[in-house]
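Novice: One letter stands for each residue in the lines below.
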Amino acid sequence: MSPHKTFATAGRVLRQLRHDPRTLALIIVVPPVLLALLKYVFNGNAATFNRIAPMALGIFPLIVMFIVTSVATLRERTSGTLERLLSLPLGKLDIIFGYALAFALLALIQALVASGVVLGLLGVTVLGGTLEVIVTAVLAGLLGTSMGLFVSAFARTEFQAVQFMPAFVFPQLLVCGFFVPRESMAKVLQWFSDILPMTYITEAMQHITRFAGWGGTFGRNLIVTAGFIIFFLILGAITLRRQE
Amino acid sequence: MQPAVEIKNLSVKIGEAKILHDFRVSLPVGKIIGLLGPSGAGKTTLMRVIVGRQKISGGNVSVLGQPAGAAILRSQVGYVTQAPSVYKDLSVAENLRYFAAMVGAPKSRVGEIIAQVGLKGHERQLAGSLSGGQLSRVSLAAALLGQPELLVLDEPTVGIDPLMRRDLWQRFRQLAEAGTTLIVSSHVMDEAAHCDELLLVRDGRLLAYDSQAKLLQKTGAKNVEDAFLKLVEGKQ
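Chains as they are written, first to last, in numbering that gives the first Met the number 0: chain A, 0 to 243; chain B, 0 to 235.
Simulated from the structure, these hints should not be mistaken for laboratory data. Glycine residues also receive a C-beta, built at the ideal position from the N, C-alpha and C atoms. One or more of the hints may lead you astray.
Stated by the list, open to error - One side of the interface only, derived from the structure: several residues of chain A facing chain B at Cβ under 10 angstroms:
(1) Phe6
(2) Leu81
(3) Pro88
(4) Glu243
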């Protein structure tokens, strides 16, 4: 691995996105628009919206980044450029971390915009700080990226890659505590949700809504999330094979 | 002198299908070696073995004195796949600057290489908007950046106009004279005239390995296409 090659890869991924402003706009604009929509879905029930908006602020960017990353890496595989990269003198982690860095920057911008909309325009109040909200939202986007990098290895076509959304992300969405508190779910589903990464993003956001400070449950959730991100990035690197 | 590529009893299976059978050949340094044969003969598989992308099921392949696929070879061997492998959503210059960073070539190489493959004036054009022939030249340019000792080119002249094709063969000749070994595949037998040595392949087997002159002399054929036919018929 070399920092120079990792950064050059991140720069290349960002340059590709710059030539595709529509995708860039969708990444930045879709989550806040969905969150605004959600506010009017819960029209007249401000307390409910205030409870679920922070969770949605974690979940929407995660899903958007998951799709964008899995399609971007699948394209790298099908266009033959991955084959070329693997025959050049660079480490697999240069490729994976290059992607992760580029999308981390995107996740940061996305999180800033979405958090600004939720906490500013939509009037959501949290007892934790703004910084905690942004950090959690960035980690959510990065988690989506790392999962997208990993699962794209199992897709041969764009159709398959898009199907990983319902197959891989929806189950997490159902049991993460967004729709129903985890305590009231069947015991088996509670255990199941314990091993799914989206659960920890949801819990962290729930925690910020009601408590201040970085310690305790909140800090633990962030650490677990970071662990999942590293886990999926390394799995992603393992799926890159130099020899077939 | 150590051969550029030494292949002993190579066999390759992909799934149940046997793609290469008991292949043995030794390729010299600093020559243009034409890998000729019909589509489906195993040319691409043989090239992928040499660059270390294809697992082998038997035999021995050494490249520049190293076992094929050794990490050190990644900076000494350049490989251009048949389908152009560049980023279509980046400009020509952006593509080449990125690949230059990957092989550790200085940025100044990018301009030189663009001129060499005849793409001057197209630097800022998106690769996706180039013609097929131009796109394959970007792909070739990317492989030339690092000045590899061995260049493996899979059908590099397909879809390229005759003038440009002549220029490319001249460029390949210059590279060979400077000591680079080139393995160039083609399904068009006419390209044999540009090569020092010919590897004729069919159905995953080595049909002949010789220079064009010797091949014609031995088979009594008037051209390589004819020689190919005679060899195939002679085996049956």
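Novice: Each hint: holds or not?
Specialist: Here is what the structure says about each hint:
1. The restraint placing A/Phe6 at the interface with chain B holds, with a minimum CB-CB distance near 9 angstroms, inside the 10 angstroms limit.
2. At a threshold of 10 angstroms, the smallest CB-CB gap from A/Leu81 to chain B is about 8 angstroms, leaving the interface hint in force.
3. Interface restraint check for A/Pro88: the shortest CB-CB distance to chain B comes to about 4 angstroms, inside 10 angstroms, so the restraint holds.
4. Given the 10 angstroms rule on beta carbons, the hint for A/Glu243 holds: about 6 angstroms separates it from the nearest Cβ of chain B.
When each numbered hint is compared with the structure, no violation occurs for any of them.
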